[in-house]
Amino acid sequence: MMKTRKGYKVYPLTVAQKFHMYYAPHCPSLAVLNIGTSLTIEFELDWDELKRAVNKAYERSEGMRVRFAKDKEGNYYQYIVKHEDQDIEFVDFSNGTMEEAEETMKAWTRVPFKLEDTQLTRVVMIKMPDGFNGLYFLGQHMIVDAQSLICFLKDIIELYCNAKFEGVRYPKEMTSYLEQLQKDLAYEAGSKAQKRDTEYFQKEIEKGEPIFSGITGRDKLEAAREMFKNPELRTAFSASGDTTSALDIFHLEEEPTKRLMDFCEKYHVSLACLLLMGLRTYLQKMNGFEDVSINNAIARRATLKEKKCGGTRIHSFPIRTIFPEDMKFIDGVFAIRDKQNEIFRHANYDPTAYFAYRSKMYPQPHAGLTYEQISLTYQPLTLKEKGLDQLGDIRYKTKWYPNGTCPQAMYLTVMHRPEDNGLDFNFEHQVKAVSRDELEYLYYYLCRIMFKGVENPDLTIGEIIRLV
0 MMKTRKGYKV YPLTVAQKFH MYYAPHCPSL AVLNIGTSLT IEFELDWDEL
50 KRAVNKAYER SEGMRVRFAK DKEGNYYQYI VKHEDQDIEF VDFSNGTMEE
100 AEETMKAWTR VPFKLEDTQL TRVVMIKMPD GFNGLYFLGQ HMIVDAQSLI
150 CFLKDIIELY CNAKFEGVRY PKEMTSYLEQ LQKDLAYEAG SKAQKRDTEY
200 FQKEIEKGEP IFSGITGRDK LEAAREMFKN PELRTAFSAS GDTTSALDIF
250 HLEEEPTKRL MDFCEKYHVS LACLLLMGLR TYLQKMNGFE DVSINNAIAR
300 RATLKEKKCG GTRIHSFPIR TIFPEDMKFI DGVFAIRDKQ NEIFRHANYD
350 PTAYFAYRSK MYPQPHAGLT YEQISLTYQP LTLKEKGLDQ LGDIRYKTKW
400 YPNGTCPQAM YLTVMHRPED NGLDFNFEHQ VKAVSRDELE YLYYYLCRIM
450 FKGVENPDLT IGEIIRLV
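For the sequence shown, position 340 (counting from the first letter as 1) is numbered 339 according to numbering that gives the first Met the number 0, and the numbering increases by one without interruption.
Just so you know, the hints here were simulated from the structure itself, not pulled from any lab data. In this text the structure is predicted, and so the values were computed from the model without any measurement. A couple of the hints might just be wrong.
To be verified - Derived DSS-like pairs (lysine-lysine); straight-line CA-CA distance at most 25 Å: (1) Lys126 <-> Lys153; (2) Lys55 <-> Lys5; (3) Lys2 <-> Lys81.
The whole structure should be built from the sequences, with the hints applied where relevant.
Right, dumping it as structure tokens:
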């Protein structure tokens with residue numbers, strides 16, 4: 000292992016980074032690791048000041064200055080470079096249409112980064128046709144996740160506002176990426192905590208083999224059973240061989256969203272628990288199994304140091320629930336909350352080790368077979384509540400752009416809309432694996448199940464399935 004690169008100390012990859020390297024090679028392009036987003040506000044901006052704020056934010060964030068290189072064996076490692084001011088691009092879309100501007104940003108999002116020794120982020124200052132102005136940000140998933148990206152954009156805005164407006168405080172320092180990296184690596188090096196987490200997950204896996212729940216019912220499971228001449232098979236093919244993806248977004252209005260949030264507040268549960276309960280109940284309705292598994296992404300940003308250190312920290316584990324039809328809806332939500340809290344305590348564990356142990360425990364006739372068709376991420380973070388209220392009533396918008404490639408059949412990200420605090424359900428899905436109609440059906444019933452449960456928490460799962 001090389002010790003330095005270009006004079007900088009080098010470090011191995013974290014588990015969260017290795018997880019991306021685990022699926023990326025199977026996709027036609029590294030663009031699968033791109034996250035593209037724009038943040039615009041209804042306000043005339045001082046572009047020179049904004050450029051300064053962007054450079055300052057880069058200087059304050061170690062995570063945004065991470066680079067990768069390969070050793071002779073072909074293994075990647077990382078190092079952090081010193082900050083150097085760069086020229087920030089400016090693109091004026093104001094003479095065209097919104098569609099044209101968005102198509103251009105989508106195209107930017109589909110361009111992969113070269114992984115070695117290059118900057119893995121791109122910031123463009125944009126002037127939009129609708130009178131909103133701001134930034135387009137593209138980041139590579141090996142060094143950013145949604146939380147660190149939002150944190151970075153927020154830092155830029157706060158630096159800008161501090162420079163431009165009286166009485167806006169200078170934002171607090173970011174925390175050290177390196178410090179968290181060293182913590183993660185110490186954990187990986189055979190720590191007691193790692194041993195505890197391994198024991199926990201192996202015990203969970205040993206409880207018994209899960210079963211595949213499809214969003215359209217048992218068709219995929221039956222097809223796999225037929226194909227492998229095994230009527231007892233419990234896995235199915237979820238993804239298609241083609242990773243071409245689309246992004247379909249369904250909007251839940253502000254008022255119904257508030258009803259869901261009020262329920263969560265009343266019962267002290269997170270919206271993620273309610274979403275998981277809704278999704279698993281839908282799958283129980285469609286498949287007739289009490290046993291339901293869904294992949295759930297965990298941000299691993301519990302402490303302030305983790306929240307502000309940048310980088311990519313997401314681990315993803317299946318959450319398996321076995322709920323009989325006579326169980327009350329609210330008891331299901333509480334059971335999911337308890338299960339989630341349990342998983343959170345062990346979430347530093349390597350997800351690839353989890354899946355490896357599971358396939359050793361329950362050998363399958365083909366590597367592409369799986370138990371989970373849905374992956375869920377809930378993004379609680381909005382810019383609104385996190386200190387940008389000083390902008391008064393200035394309206395702003397955020398938009399995510401698809402990179403065109405998805406390694407899984409479908410991935411649901413639920414986030415709050417800044418315009419009105421409603422919810423956006425972003426379904427990124429392989430075009431060949433899941434159709435828009437199937438998602439529309441899923442979304443419609445997911446909402447019906449959640450509202451029925453929120454309005455009558457004492458109804459049983461069976462009653463809700465029959466009522467919707």
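Tested hints:
Restraint check for Lys126 and Lys153: the C-alpha separation of about 19 Å stays at or below 25 Å, so the hint holds. Taking the CA atoms of Lys55 and Lys5, the gap is near 23 Å; set against the 25 Å cutoff, the hint holds. Taken as a hint, the Lys2 and Lys81 pair is honoured in the structure, with Cα atoms around 17 Å apart against an allowance of 25 Å.
The earlier numbered hints are all upheld by this structure, with none contradicted.
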